[in-house]
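4 protein chains.
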Amino acid sequence: MTDNDSSAKKVVDRMMELDLFSQWMGVKVLEIREGYSKIQMTLRKEMLNAFGIAHGGITFALADSAFAFACNSDGKVTVALDVSISFPKAVKENDILTAEAKQVNKTRRTGLYLIEIRNQNDELVVLFKGTCFKTEKDLG
Amino acid sequence: MTDNDSSAKKVVDRMMELDLFSQWMGVKVLEIREGYSKIQMTLRKEMLNAFGIAHGGITFALADSAFAFACNSDGKVTVALDVSISFPKAVKENDILTAEAKQVNKTRRTGLYLIEIRNQNDELVVLFKGTCFKTEKDLG
Amino acid sequence: MTDNDSSAKKVVDRMMELDLFSQWMGVKVLEIREGYSKIQMTLRKEMLNAFGIAHGGITFALADSAFAFACNSDGKVTVALDVSISFPKAVKENDILTAEAKQVNKTRRTGLYLIEIRNQNDELVVLFKGTCFKTEKDLG
Amino acid sequence: MTDNDSSAKKVVDRMMELDLFSQWMGVKVLEIREGYSKIQMTLRKEMLNAFGIAHGGITFALADSAFAFACNSDGKVTVALDVSISFPKAVKENDILTAEAKQVNKTRRTGLYLIEIRNQNDELVVLFKGTCFKTEKDLG
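Chains as they are written, first to last, in my numbering: chain A, 853 to 992; chain B, 853 to 992; chain C, 853 to 992; chain D, 853 to 992.
Please note: incorrect hints may appear among the correct ones.
The list makes no distinction among identical chains, and a pair is therefore deemed to hold if it is satisfied within one copy or across any two copies.
DSS-like cross-link-like pairs, simulated, lysine-lysine; straight-line CA separation at most 30 Å [to be verified]:
#1 Lys-862 - Lys-986
#2 Lys-958 - Lys-928
#3 Lys-897 - Lys-928
#4 Lys-928 - Lys-986
#5 Lys-897 - Lys-944
#6 Lys-861 - Lys-928
#7 Lys-890 - Lys-944
#8 Lys-944 - Lys-862
#9 Lys-880 - Lys-941
#10 Lys-944 - Lys-880
#11 Lys-958 - Lys-897
#12 Lys-928 - Lys-944
#13 Lys-897 - Lys-986
#14 Lys-890 - Lys-941
#15 Lys-941 - Lys-928
#16 Lys-890 - Lys-989
#17 Lys-890 - Lys-928
#18 Lys-897 - Lys-989
Because the hints were derived from the structure by calculation, they are not lab data. Treat the numbers as computed from the prediction; the structure is a model and nothing was measured.
Hey, can you work out the whole structure from these sequences and the hints?
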């Protein structure tokens with residue numbers, strides 16, 4: 853683990869303390885490196901939509917948290933600008949979802965990430981491509 | 853109000869009864885016509901992210917519910933295939949968010965919708981473009 | 853016409869002189885204001901794909917030129933960061949395509965635009981949502 | 853090479869004969885398997901935009917051709933429904949661009965693909981996520 857990775861972990865620990873919706877979802881942080889994150893949650897009944905499958909907002913939120921943890925890991929406030937998300941497979945109650953965020957590109961002010969969510973059978977349920985913008989503010 | 857609009861309203865009333873996550877968010881249905889919906893919610897503290905603004909998953913979820921109500925209003929199960937979302941402005945606690953979904957195009961099996969979310973000052977906070985796929989199943 | 857609009861027109865005239873691919877496509881500039889553009893072209897045979905309809909790259913290019921003209925109109929070099937495009941209707945040889953770019957949001961460094969392309973029957977053939985990033989360089 | 857791969861190659865050879873814009877771009881087909889394609893082209897002067905770099909329509913078109921070849925390789929007419937594209941790095945005159953399309957998911961009627969374009973230095977210049985819709989028509 854490099855110094856940057858160790859500092860990335862501290863940033864994300866602090867973010868999780870403040871991130872009330874990720875707490876509500878029951879997000880567990882599995883792995884953090886600079887520009888990378890892996891997190892997990894289990895889908896609960898109150899997260900379902902009218903078809904009895906995961907509401908798109910929940911799977912989006914899990915991918916978005918993974919994205920935020922990966923792109924803020926250098927300690928500068930970085931916000932999502934634009935996201936495209938595809939839903940190849942429905943998610944059901946009690947499914948265990950693992951989201952992995954990988955940095956695809958980085959410039960001084962912008963970043964591009966791919967986030968995949970897989971279920972307990974390693975099936976891809978969400979593919980998320982996100983562009984973020986790095987502000988000049990430090991994370992509190 | 854046409855017969856189709858009246859039937860669309862019934863479909864969405866039934867969807868809201870089943871949609872546990874939209875209930876959790878406190879979604880209120882303001883207006884439903886075939887291929888159109890307008891819904892509202894107020895942002896609560898537990899919906900915030902690490903920066904103290906709305907978690908992207910919440911604003912996505914509100915737009916996604918408006919999208920689902922608009923594109924299922926003919927009574928055939930229709931699912932989101934692909935969504936692109938932009939976040940022009942941050943959303944704060946207690947902001948009142950109104951999402952409006954409009955059908956842009958419709959083929960036999962696919963649909964294209966634009967959803968805008970505005971805050972209480974009529975500022976655009978989310979722009980959401982969604983493509984849906986209509987199955988052959990009837991809504992239960 | 854404001855001073856800004858007049859200056860926007862000069863910027864786009866200069867861009868069109870330099871933009872070899874827009875010239876190849878036969879793009880005509882119909883209207884320019886700050887943050888807005890309207891341009892037109894006719895689909896030629898050499899622009900078709902294997903199905904005998906417009907290649908997606910051509911309709912993308914037309915929308916992208918409209919986007920570039922609208923978001924560079926203040927004279928600072930601005931580049932496309934991320935685009936989402938939907939193709940509601942096929943385009944045929946000799947169709948006359950009109951692209952209109954409208955600014956949806958603007959911050960100091962980023963912009964959000966919607967671009968619509970319509971054919972000679974006023975049918976929507978492309979819906980394009982683009983996010984751009986403004987550099988600090990002046991247009992030459 | 854499986855029978856499906858051999859049949860995929862025949863389909864793409866036929867598509868290239870018909871695809872006038874891919875011919876204009878100088879696309880060379882490097883590798884075809886069912887659900888996969890790898891193609892190449894060199895960026896020419898007439899493909900530049902006002903900033904003297906590749907027009908977004910050209911790099912989109914190359915990725916879109918790779919997408920079309922991969923998703924039509926089973927011989928059923930399949931069309932792009934929705935695409936999201938990011939441009940991590942500018943492309944210059946004479947750059948040699950290689951596009952690789954991989955199938956991420958497939959249902960009976962829809963498909964999800966990721967297409968990457970890299971330059972001669974193996975740098976990522978385009979990331980393209982595409983959703984396609986399979987019609988019931990056979991390729992001619």
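Structure-based check of all given hints:
Taking CA atoms no more than 30 Å apart as the test, Lys-862 paired with Lys-986 passes inside one copy only; the shortest distance there is 19 Å, against 32 Å between copies. For a Cα distance limit of 30 Å, the shortest separation of Lys-958 from Lys-928 qualifies both inside one copy, at 14 Å, and across copies, at 22 Å. In this homomeric assembly, Lys-897 and Lys-928 come within 30 Å of each other (Cα to Cα) only across copies, at 23 Å, whereas the closest approach inside a single copy is 36 Å. Taking the closest pair of Cα atoms, Lys-928 and Lys-986 come within 30 Å of each other both inside a single copy (7 Å) and across two copies (20 Å).
For the identical chains of this complex, Lys-897 and Lys-944 are neighbours both inside a copy (9 Å) and across copies (27 Å), given an alpha-carbon limit of 30 Å. For the identical chains of this complex, Lys-861 and Lys-928 are intra-copy neighbours only, at 14 Å inside a copy versus 38 Å across copies, given an alpha-carbon limit of 30 Å. When the C-alpha separation of Lys-890 and Lys-944 is checked against a cutoff of 30 Å, the pair qualifies both within a copy, at 20 Å, and between copies, at 27 Å. Within a single copy, Lys-944 and Lys-862 get their C-alpha atoms only as close as 33 Å, which misses the 30 Å cut-off; across copies the closest is 26 Å, which meets it.
Taking the closest pair of Cα atoms, Lys-880 and Lys-941 come within 30 Å of each other both inside a single copy (22 Å) and across two copies (28 Å). In this assembly of identical chains, the alpha carbons of Lys-944 and Lys-880 lie at most 30 Å apart whether taken from the same copy (19 Å) or from different copies (25 Å). Taking the closest pair of Cα atoms, Lys-958 and Lys-897 come within 30 Å of each other only across two copies (28 Å); inside a single copy the shortest separation is 38 Å, beyond that limit. Taking identical chains as interchangeable, the C-alpha atoms of Lys-928 and Lys-944 lie at most 30 Å apart only when they sit on different chains, with a minimum of 20 Å there against 36 Å within one chain.
Taking the shortest Cα distances, Lys-897 and Lys-986 sit within 30 Å of each other only across copies (25 Å), while inside one copy they are farther apart (36 Å). In this homomeric assembly, Lys-890 and Lys-941 come within 30 Å of each other (Cα to Cα) both inside a single copy, at 20 Å, and across copies, at 26 Å. In this assembly of identical chains, the alpha carbons of Lys-941 and Lys-928 lie at most 30 Å apart only when taken from different copies (19 Å versus 34 Å within one copy). For the identical chains of this complex, Lys-890 and Lys-989 are intra-copy neighbours only, at 25 Å inside a copy versus 36 Å across copies, given an alpha-carbon limit of 30 Å.
In the homo-oligomer, the alpha carbons of Lys-890 and Lys-928 lie at most 30 Å apart inside one protomer (20 Å), although the nearest pairing across protomers, at 36 Å, exceeds that limit. Taking CA atoms no more than 30 Å apart as the test, Lys-897 paired with Lys-989 passes between copies only; the shortest distance there is 23 Å, against 38 Å inside one copy.
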